[in-house]
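Peer 1: Each chain, written out:
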Amino acid sequence: AQKVTQAQTEISVVEKEDVTLDCVYETRDTTYYLFWYKQPPSGELVFLIRRNSFDEQNEISGRYSWNFQKSTSSFNFTITASQVVDSAVYFCALARDNYGQNFVFGPGTRLSVLP
Amino acid sequence: SQTIHQWPATLVQPVGSPLSLECTVEGTSNPNLYWYRQAAGRGLQLLFYSVGIGQISSEVPQNLSASRPQDRQFILSSKKLLLSDSGFYLCAWSPLSGQGPATEAFFGQGTRLTVV
Chain L
1427 AQKVTQAQTE ISVVEKEDVT LDCVYETRDT TYYLFWYKQP PSGELVFLIR
1477 RNSFDEQNEI SGRYSWNFQK STSSFNFTIT ASQVVDSAVY FCALARDNYG
1527 QNFVFGPGTR LSVLP
Chain F
1405 SQTIHQWPAT LVQPVGSPLS LECTVEGTSN PNLYWYRQAA GRGLQLLFYS
1455 VGIGQISSEV PQNLSASRPQ DRQFILSSKK LLLSDSGFYL CAWSPLSGQG
1505 PATEAFFGQG TRLTVV
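Taken in order, these protein sequences are the chains called L and F. My numbering puts the first residue of the first sequence at 1427, with every later residue one more than the last. My numbering puts the first residue of the second sequence at 1405, with every later residue one more than the last.
Please keep in mind that the hints were generated in silico from the structure rather than gathered at the bench. Quantities reported herein were computed from a predicted structural model and do not represent experimental measurements. Glycine included, every Cβ here is placed at the ideal spot set by N, Cα and C. Any given hint could turn out to be false.
As the list claims (entries may be wrong) - Facing chain L, a subset of chain F residues (Cβ under 7 angstroms, in silico):
no. : residue
1   : Trp1411
2   : Ala1443
3   : Gly1447
4   : Leu1448
5   : Gly1491
6   : Glu1508
7   : Gln1513
So that you can see chain L by itself, here it is in the shape it has in the complex:
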């Protein structure tokens, strides 16, 4: 069975602090895909990144960076120099490489960035 765990329910930081959101996944598949989504107060989920299981290279996009560690089944997300606009719920998700493509989402981490 597939499962995504985000152990941090809520995190509060002060603006300009760095913050890391943890994601641990479980799957028996050798090919799978990992995602991060942001859900601002408006409710719509915004896609941030997709990573396949064969690509363990870490990625940086502006203030965002992702650390994929297959050995520990983790796909952590770091925001550098956080801003108030980063306040949102962040979801980690796992998808199989098969017909139907079901996404399994973690429970989400609510990030509050205080001014």
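Guided by the hints, dock chain F onto chain L, whose structure is given.
Peer 2: Chain F only, in chain L's frame:
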């Protein structure tokens, strides 16, 4: 470019009343379509997904049903709403239908349903 439309944005319905939420996708063909529910303060629960017209898979037994009458239209329905049906409903699509690498899903803006 592809867009997804979901309506209504908010809905207040009495217990026992019917429900119909509609979602349409533009700018693509043969997408995978999904309905998710997010209860207050909770994660996303997949309710239904569809890989083609008339093909619906249900993930959890519930008071809801889904239909896909057209390639880019996905409808979530209920004959009689329960209090427990309250939540935030999100429609989503992904660009690949069939076998192949998983791609990201794109979400609509959601419908906040309150059953009273």
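Peer 1: What are the numbers of the hints that this structure violates, sorted from low to high?
Peer 2: 1, 2, 5
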